[in-house]
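With these hints in hand, go ahead and build the complete structure from the sequences.
Chains as they are written, first to last, in my numbering: chain A, 8 to 423; chain B, 16 to 179.
Accuracy of the hints is not assured; some may be wrong.
To be verified - The following residues of chain B were derived to be distant from chain A, with all beta-carbon distances above 12 Å:
(1) Met16
(2) Arg20
(3) Thr23
(4) Glu43
(5) Ala49
(6) Gly65
(7) Arg80
(8) Phe103
(9) Gly119
(10) Ala125
(11) Thr147
(12) Leu148
To be verified - Heads up, incomplete: computed chain B residues facing chain A, CB under 10 Å, no partners named:
(13) Asp31
(14) Leu32
(15) Ser52
(16) Ala53
(17) Ser78
(18) Ala83
(19) Ser98
(20) Gly145
(21) Met156
(22) Gln173
(23) Arg179
In short, the hints are calculated from the structure, not lab data.
The C-beta atom is built at its ideal place from N, Cα and C for all residues, glycine as well.
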Amino acid sequence: MPMTIVEKIFARASGQAVVAPGDLVVVEVDCAVMLDMSFHRHQRREVLKVHDPDRIVIAYDHMVPAPDKDSAEAHAYGREFARRFGIRRLHDVGPEQGVSHAIVADNAYALPGTVLVCSDSHTCASGAFNCAARGIGGPDLLAAITTGKTWYRVGETVRYDLAGALRPGVSAKDLFLYLAGTYGHHTNRNVEFGGPGLANLSIDARRTIAAMGAELSAEFATFECDERLVEYVKARNPAPFTPVAPDPDAAYADRRTIDLDRMEPLVALPDAVIDNSVPVSQVAGEKIDQAYIGSCANGSLDDLAEAARVVKGRRVAPGVRLLVVPNTQRVYQAAVKAGYVETLVEAGAVVTSATCGACFGGHMGVLGPGETCITASTRNFKGRMGDPSARIFMASPATVAASAIAGCIADAGEFA
Amino acid sequence: MIAGRVWTFGDNINTDLMLPGALLLATEEEQRRAVFSANRPGWVDQVRPGDIIVGGRNYGMGSSRPAARSLRNCGIAALVAESINGLFFRNAVNFGLVALECPGVAAAFAEGQTAEISLADFTVTNRDTGATLRALPVPQMLLDMMQGGGLYPHLERQGLIAPR
Numbered sequence: 008m009p010m011t012i013v014e015k016i017f018a019r020a021s022g023q024a025v026v027a028p029g030d031l032v033v034v035e036v037d038c039a040v041m042l043d044m045s046f047h048r049h050q051r052r053e054v055l056k057v058h059d060p061d062r063i064v065i066a067y068d069h070m071v072p073a074p075d076k077d078s079a080e081a082h083a084y085g086r087e088f089a090r091r092f093g094i095r096r097l098h099d100v101g102p103e104q105g106v107s108h109a110i111v112a113d114n115a116y117a118l119p120g121t122v123l124v125c126s127d128s129h130t131c132a133s134g135a136f137n138c139a140a141r142g143i144g145g146p147d148l149l150a151a152i153t154t155g156k157t158w159y160r161v162g163e164t165v166r167y168d169l170a171g172a173l174r175p176g177v178s179a180k181d182l183f184l185y186l187a188g189t190y191g192h193h194t195n196r197n198v199e200f201g202g203p204g205l206a207n208l209s210i211d212a213r214r215t216i217a218a219m220g221a222e223l224s225a226e227f228a229t230f231e232c233d234e235r236l237v238e239y240v241k242a243r244n245p246a247p248f249t250p251v252a253p254d255p256d257a258a259y260a261d262r263r264t265i266d267l268d269r270m271e272p273l274v275a276l277p278d279a280v281i282d283n284s285v286p287v288s289q290v291a292g293e294k295i296d297q298a299y300i301g302s303c304a305n306g307s308l309d310d311l312a313e314a315a316r317v318v319k320g321r322r323v324a325p326g327v328r329l330l331v332v333p334n335t336q337r338v339y340q341a342a343v344k345a346g347y348v349e350t351l352v353e354a355g356a357v358v359t360s361a362t363c364g365a366c367f368g369g370h371m372g373v374l375g376p377g378e379t380c381i382t383a384s385t386r387n388f389k390g391r392m393g394d395p396s397a398r399i400f401m402a403s404p405a406t407v408a409a410s411a412i413a414g415c416i417a418d419a420g421e422f423a
Numbered sequence: 016m017i018a019g020r021v022w023t024f025g026d027n028i029n030t031d032l033m034l035p036g037a038l039l040l041a042t043e044e045e046q047r048r049a050v051f052s053a054n055r056p057g058w059v060d061q062v063r064p065g066d067i068i069v070g071g072r073n074y075g076m077g078s079s080r081p082a083a084r085s086l087r088n089c090g091i092a093a094l095v096a097e098s099i100n101g102l103f104f105r106n107a108v109n110f111g112l113v114a115l116e117c118p119g120v121a122a123a124f125a126e127g128q129t130a131e132i133s134l135a136d137f138t139v140t141n142r143d144t145g146a147t148l149r150a151l152p153v154p155q156m157l158l159d160m161m162q163g164g165g166l167y168p169h170l171e172r173q174g175l176i177a178p179r
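This is the structure:
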């Protein structure tokens with residue numbers, strides 16, 4: 008029976024010949040990623056044994072550097088946890104730290120054809136690596152690290168065939184906003200990306216789209232493998248891997264062709280991204296207090312380059328805070344070397360170290376009552392980044408950067 | 016059989032409404048007090064143990080945070096929605112919250128009516144109107160966990176984590 012990418016990965020990982028929508032599968036987990044949050048005193052449970060320390064990665068990302076005593080205690084607990092169980096891949100505060108999904112990318116821990124879990128909803132970002140990656144709950148994660156297994160209900164898959172290439176100034180985030188605005192939620196369904204246009208998307212761009220799979224409410228967001236991905240992975244991880252391609256006659260719930268050339272800059276209105284996208288022109292002129300570029304979805308080197316391109320030689324408008332957050336310290340270093348950080352800081356941006364921070368309303372850029380933010384990050388739910396009365400628009404890094412310069416929502420095309 | 020008073024919620028109810036990010040690391044009681052504080056202030060003072068939530072499409076989209084635990088801590092006996100986000104459903108299993116997908120349920124209930132849920136045949140009945148709907152079956156392995164207090168007791172019994 009023909010299968011999609013995730014169905015094939017599940018078949019291999021569950022030891023079955025065939026997996027189909029409607030099945031409940033129990034699969035071997037190839038990589039389980041724990042976070043600083045996993046060790047917080049109100050969240051953690053005492054683990055007595057782990058299945059395989061070499062299948063575990065620990066990445067501190069939500070509360071870094073520790074903003075309070077409890078987080079500092081959690082960090083210390085996690086370090087001791089890693090020592091006790093012999094977990095070598097601990098990404099502590101320092102040069103190898105970053106947002107977990109970006110750390111997984113930087114080090115290519117998500118190998119094509121494998122199963123990866125993490126207790127954060129945007130784990131699907133690693134679907135860009137032809138990997139069956141998804142967020143699971145905290146208890147699920149403990150089950151995965153102690154038993155080596157997890158379960159999935161297999162959903163139907165919607166296939167997106169990409170054609171053409173994005174025009175300059177139009178980004179992967181705009182493509183996501185188009186999908187969310189046009190097709191709405193994909194609850195209980197997987198999304199699969201491939202087609203001739205894939206070759207024209209950088210790995211960073213694919214990671215943006217895959218991360219935002221969670222915001223389509225999709226189960227898995229998985230990309231086909233190509234030469235560019237194979238090279239990217241091989242340059243970062245010597246482990247062998249076997250990419251998985253869908254069968255040509257695999258059954259899809261729907262098959263949609265997306266012409267990348269026709270994408271345009273979009274903005275999601277506050278409180279939701281589902282069925283909520285409009286062209287930038289429709290909200291241009293909306294005054295903002297904060298502009299944010301960061302997170303697993305939009306803190307890549309590509310994203311920082313785009314922000315720097317837009318603000319180069321300009322100044323952030325008075326009264327506006329532009330926060331730029333590289334999603335790993337390696338990205339930060341690369342952005343320094345490329346001159347992006349200098350450009351951003353000269354323009355008046357605040358560039359911080361890698362953290363989930365403000366994206367989830369935790370710290371380092373939380374919104375106050377009645378404020379307006381335009382963000383290139385993962386979510387714009389009501390109250391997401393702070394006070395529930397704050398309004399959060401969502402757009403691409405270029406649109407956010409242009410808005411910071413203008414002091415109101417603006418089209419980056421006018422800054423070319 | 017589960018029966019209880021119904022609270023109705025619309026489409027796309029997200030995790031942050033049930034568990035605001037600022038309280039991610041707070042105590043369970045602090046988290047319980049904040050459920051629906053942004054979209055329905057005061058709800059936690061009105062909800063009673065045994066009540067049932069009837070939701071719309073895409074219930075629980077968002078974060079991996081334990082929002083299902085907060086509903087359980089509010090005394091919610093079951094959640095029935097048109098469709099449920101896969102990650103939220105996992106956490107319903109993880110934290111022992113009965114959660115069913117039931118097409119047509121949003122239109123079948125008005126707030127304050129009484130719902131009756133049978134997990135033997137996956138039916139949802141409106142006691143006030145007499146209407147009965149068929150919910151999507153939940154695999155036995157997951158149903159056992161939902162009804163058995165969630166995943167932690169299971170891991171404790173296997174000696175994988177310490178009892179609290």
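Taking the hints in turn, this is what the structure says about them:
1. Met16: holds, 25 Å
2. Arg20: With a cut-off of 12 Å, Arg20 of chain B remains clear of chain A, as the shortest Cβ separation is near 26 Å.
3. Thr23: holds, 19 Å
4. Glu43: Glu43 of chain B not clear of chain A: closest Cβ-Cβ about 7 Å, inside 12 Å.
5. Ala49: violated, 10 Å
6. Gly65: Holds, because the least Cβ-Cβ distance between Gly65 of chain B and chain A comes to about 24 Å, which exceeds 12 Å.
7. Arg80: violated, 8 Å
8. Phe103: violated, 9 Å
9. Gly119: holds, 16 Å
10. Ala125: The assertion about Ala125 of chain B holds, with a minimum of 24 Å to chain A.
11. Thr147: Non-interface label on Thr147 of chain B holds, nearest chain A Cβ at 23 Å vs cutoff 12 Å.
12. Leu148: holds, 18 Å
13. Asp31: Holds - the Cβ of Asp31 of chain B comes within 10 Å of chain A, reaching about 4 Å at its closest.
14. Leu32: Holds. Min distance 7 Å.
15. Ser52: holds, 8 Å
16. Ala53: Since the shortest Cβ distance to chain A is 4 Å, the answer is holds.
17. Ser78: Holds: closest Cβ of chain A sits about 5 Å from Ser78 of chain B, inside 10 Å.
18. Ala83: For Ala83 of chain B, the interface hint holds, since the closest Cβ of chain A sits about 8 Å away, which is under 10 Å.
19. Ser98: holds, 5 Å
20. Gly145: Interface hint status for Gly145 of chain B: violated (29 Å vs cutoff 10 Å).
21. Met156: holds, 7 Å
22. Gln173: Cβ of Gln173 of chain B sits 8 Å from chain A, so the hint holds.
23. Arg179: Holds, because the Cβ-Cβ distance from Arg179 of chain B to chain A comes to roughly 7 Å (cut-off 10 Å).
Comparing the model with each numbered hint stated earlier shows that hints 4, 5, 7, 8 and 20 do not hold.
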